[in-house]
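Number of protein chains: 2
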Amino acid sequence: MKLHVAIAAAAMLLSTAAHAQFQKPEDAVKYRQSAFAVMGNHFNRIGAMVQGRVPFDAKVAQENAAIVAMLGKLPWAGFTPETEKLKSRVKPEAWAEMDKVRAGADKMMKAVAELDAAARTGNLDAVKKTFGDAAATCKACHDAYRE
Amino acid sequence: MKLHVAIAAAAMLLSTAAHAQFQKPEDAVKYRQSAFAVMGNHFNRIGAMVQGRVPFDAKVAQENAAIVAMLGKLPWAGFTPETEKLKSRVKPEAWAEMDKVRAGADKMMKAVAELDAAARTGNLDAVKKTFGDAAATCKACHDAYRE
Chain A
-10 MKLHVAIAAA
0 AMLLSTAAHA
10 QFQKPEDAVK
20 YRQSAFAVMG
30 NHFNRIGAMV
40 QGRVPFDAKV
50 AQENAAIVAM
60 LGKLPWAGFT
70 PETEKLKSRV
80 KPEAWAEMDK
90 VRAGADKMMK
100 AVAELDAAAR
110 TGNLDAVKKT
120 FGDAAATCKA
130 CHDAYRE
Chain B
-10 MKLHVAIAAA
0 AMLLSTAAHA
10 QFQKPEDAVK
20 YRQSAFAVMG
30 NHFNRIGAMV
40 QGRVPFDAKV
50 AQENAAIVAM
60 LGKLPWAGFT
70 PETEKLKSRV
80 KPEAWAEMDK
90 VRAGADKMMK
100 AVAELDAAAR
110 TGNLDAVKKT
120 FGDAAATCKA
130 CHDAYRE
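If you read the protein sequences in the order shown, they are chains A and B. Positions -10 to 136 (this note's numbering) are the ones given, in order, by the first sequence. Positions -10 to 136 (this note's numbering) are the ones given, in order, by the second sequence.
Hints were generated in silico from the structure; no laboratory data involved. Don't take every hint at face value.
Remember, identical chains collapse to one label, so a pair may be satisfied in a single copy or spanning two.
Unchecked claim - List of simulated lysine-lysine pairs, DSS-like, C-alpha gap at most 27 Å:
1. LYS48 with LYS76
2. LYS118 with LYS80
3. LYS13 with LYS117
4. LYS76 with LYS13
5. LYS89 with LYS74
6. LYS74 with LYS99
7. LYS74 with LYS117
These numbers come from a predicted model, not from an experiment.
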């Protein structure tokens, strides 16, 4: 149930992303890169606990997962057609297969919503499982579409 | 009451920020700049409605205010002493007066929590008022501490 709520919340917030506006294409690139950068930082903080590099703290995991879940919805609005020719690490394949990129984004958002739900339970095993699943969705797109 | 809840949530999440970790000082700079960039984008979307450049949509205002309120807590962890000598737009005065910077950050977080609470009411006048107050807290620090 929590998962359904989280996914509904994700779908709702996606409307925000879809409406995001940028004055210049460069702003869209900066926006999406910034959203990924902040998300990555907080995702890695959970990773440090999952991998035992820092002690597991359920509250910290929950806080970070909530940030990741919110930020995961944002960068996609920055992949506007006008940004295709701008310098970034996006491979040409991504623009040619934007439907697959969107599908990958959907998987990622679902996975981080599940991580968020798991973190709310405070159960380390659940956090480990959903963190791994979420990390796999990151890697899939990075491998295919990022230089 | 909603405001108190929002402020309590802000205080709770601040602990996340305080624990944020960075492998290199450069990562801290990128993190704080990224958080500000994403926050600014969503803050400006509310601004467009407040200023009548786009029609007021209470749901969109609420979504954006929630993002701003969450992101507003984050950048401060990136102002680590190790980043003082790195290239950025932070004026030397900021490092000399970090207690004032922190006080300004607190004001901003309180102001965006009030904007978030106002946006939840769906009342445009309340959004206008709290948006203006929040914008003033941005400007105060930018004028004093940003090149």
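Hint-by-hint comparison with the structure:
1. In this homomeric assembly, LYS48 and LYS76 never come within 27 Å of each other (Cα to Cα): the closest approach is 39 Å inside a single copy and 34 Å across copies.
2. In the homo-oligomer, the alpha carbons of LYS118 and LYS80 never lie at most 27 Å apart, since the shortest distance is 30 Å inside one protomer and 44 Å across protomers.
3. In this assembly of identical chains, LYS13 and LYS117 lie within 27 Å of each other by CA distance solely across copies; the values are 26 Å between and 40 Å within a copy.
4. Taking identical chains as interchangeable, the C-alpha atoms of LYS76 and LYS13 lie at most 27 Å apart whether they share a chain (14 Å) or sit on different chains (24 Å).
5. For the homomeric pair LYS89 and LYS74, the shortest alpha-carbon distance inside one copy (19 Å) is at most 27 Å, but the shortest distance between copies (42 Å) is not.
6. Neither within a single protomer nor between protomers do LYS74 and LYS99 lie at most 27 Å apart by alpha-carbon distance, with minima of 29 Å and 40 Å respectively.
7. Proximity of LYS74 and LYS117 under a CA criterion of 27 Å is satisfied in neither setting, with 38 Å inside one chain copy and 38 Å between copies.
In the structure shown, a violation is registered for the earlier hints numbered 1, 2, 6 and 7, in ascending order.
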